[in-house]
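When you get a sec, could you build the whole thing from the sequences and use the hints?
Note that the sequence shown ends on residue 186 in my numbering; no numbers are left out.
Keep in mind that the hints were calculated from the coordinates and are not lab data.
Ideal Cβ placement from N, Cα and C applies to all residues, glycine included.
Incorrect hints may have been included.
[Said to hold, decoys possible] Calculated lysine to any residue pairs in the SDA-like style (CA-CA distance at most 25 Å, straight line):
| hint | residue 1 | residue 2 |
| --- | --- | --- |
| 1 | Lys90 | Gly102 |
| 2 | Lys90 | Arg68 |
| 3 | Lys90 | Ser136 |
| 4 | Lys90 | Trp107 |
| 5 | Lys90 | Glu112 |
| 6 | Lys90 | Pro103 |
| 7 | Lys90 | Ala114 |
| 8 | Lys90 | Glu116 |
| 9 | Lys90 | Gly129 |
| 10 | Lys90 | Gly45 |
| 11 | Lys90 | Gly115 |
| 12 | Lys90 | Val133 |
[Unchecked claim] Here are the simulated distance ranges between beta carbons:
| hint | residue 1 | residue 2 | range |
| --- | --- | --- | --- |
| 13 | Ala33 | Ala92 | 41 to 49 Å |
| 14 | Arg117 | Ala33 | 26 to 34 Å |
| 15 | Lys90 | Gly36 | 24 to 32 Å |
| 16 | Leu42 | Leu151 | 14 to 22 Å |
| 17 | Glu109 | Leu40 | 35 to 43 Å |
| 18 | Ala114 | Thr23 | 32 to 40 Å |
| 19 | Pro100 | His144 | 40 to 48 Å |
| 20 | Gly45 | Glu109 | 16 to 24 Å |
| 21 | Val169 | Glu86 | 31 to 39 Å |
| 22 | Pro100 | Asp53 | 35 to 43 Å |
| 23 | Thr99 | Leu184 | 43 to 51 Å |
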Amino acid sequence: MGIDPSATMLSWARAQPGAMDVTWIEGDAARIAPTGDVDLVLATGNAIMHLDDDQLAEALTRIAGALRPGGVVSFESRNPAAREWETWTKDATLARRDTPVGPLVEWVEVAEVAGERVTFESHTVLPGGDPRVRTSVLHFRGAHAFETALLEAGLVDIEVRAGWLGESVTERSRLVVYRACTRLTT
Numbered sequence: 001m002g003i004d005p006s007a008t009m010l011s012w013a014r015a016q017p018g019a020m021d022v023t024w025i026e027g028d029a030a031r032i033a034p035t036g037d038v039d040l041v042l043a044t045g046n047a048i049m050h051l052d053d054d055q056l057a058e059a060l061t062r063i064a065g066a067l068r069p070g071g072v073v074s075f076e077s078r079n080p081a082a083r084e085w086e087t088w089t090k091d092a093t094l095a096r097r098d099t100p101v102g103p104l105v106e107w108v109e110v111a112e113v114a115g116e117r118v119t120f121e122s123h124t125v126l127p128g129g130d131p132r133v134r135t136s137v138l139h140f141r142g143a144h145a146f147e148t149a150l151l152e153a154g155l156v157d158i159e160v161r162a163g164w165l166g167e168s169v170t171e172r173s174r175l176v177v178y179r180a181c182t183r184l185t186t
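This is the structure we're talking about:
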């Protein structure tokens, strides 16, 4: 099962090899049913960073309700200690790429940093010069904030790594992967 709030992303996912074996749902964590029979929940692409504190708490609670005893949730987030947003300037991120609709010019610029909350604009100039700007917010939470949210959702045995291969976290680690489980007995 795959859940995403973006119809565009779901359309792309449905076109991938093996997609017919997946149930695709347009929506957010509110669509996660508390079945208690799910073995594994993955959130990739830093998706969890788009959630504010209330949304994160709700998503983790719903995930915990869907997991069987001993079920696992794992997700990635960018490491706030690496301060990656400081490199999100037009000069540093400007890129040109060819697409089926023609060449695109793209870049990212930070609009505001307020604590852990980073607001940025993704700029795309379409073939013919038509500019598009999409504003997004990412929450750069530290390990303590995620660990607290996981525990409050009833998840235990929390592991924190610097990547999907289990690397040790350092201040320079770009990515942090969290893994937690539901209790074996309820």
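Here is how each hint holds up against the structure:
no., hint, result
1, Lys90 to Gly102, "holds (21 Å)"
2, Lys90 to Arg68, "violated (45 Å)"
3, Lys90 to Ser136, "holds (16 Å)"
4, Lys90 to Trp107, "holds (5 Å)"
5, Lys90 to Glu112, "holds (15 Å)"
6, Lys90 to Pro103, "holds (18 Å)"
7, Lys90 to Ala114, "holds (20 Å)"
8, Lys90 to Glu116, "holds (22 Å)"
9, Lys90 to Gly129, "holds (17 Å)"
10, Lys90 to Gly45, "holds (22 Å)"
11, Lys90 to Gly115, "holds (22 Å)"
12, Lys90 to Val133, "holds (13 Å)"
13, Ala33 to Ala92: 41 to 49 Å, "holds (42 Å)"
14, Arg117 to Ala33: 26 to 34 Å, "holds (30 Å)"
15, Lys90 to Gly36: 24 to 32 Å, "violated (48 Å)"
16, Leu42 to Leu151: 14 to 22 Å, "holds (20 Å)"
17, Glu109 to Leu40: 35 to 43 Å, "holds (36 Å)"
18, Ala114 to Thr23: 32 to 40 Å, "holds (38 Å)"
19, Pro100 to His144: 40 to 48 Å, "holds (44 Å)"
20, Gly45 to Glu109: 16 to 24 Å, "holds (20 Å)"
21, Val169 to Glu86: 31 to 39 Å, "violated (19 Å)"
22, Pro100 to Asp53: 35 to 43 Å, "holds (39 Å)"
23, Thr99 to Leu184: 43 to 51 Å, "holds (48 Å)"
Hints 2, 15 and 21 from the list above are not met by this structure, while the remaining hints are.
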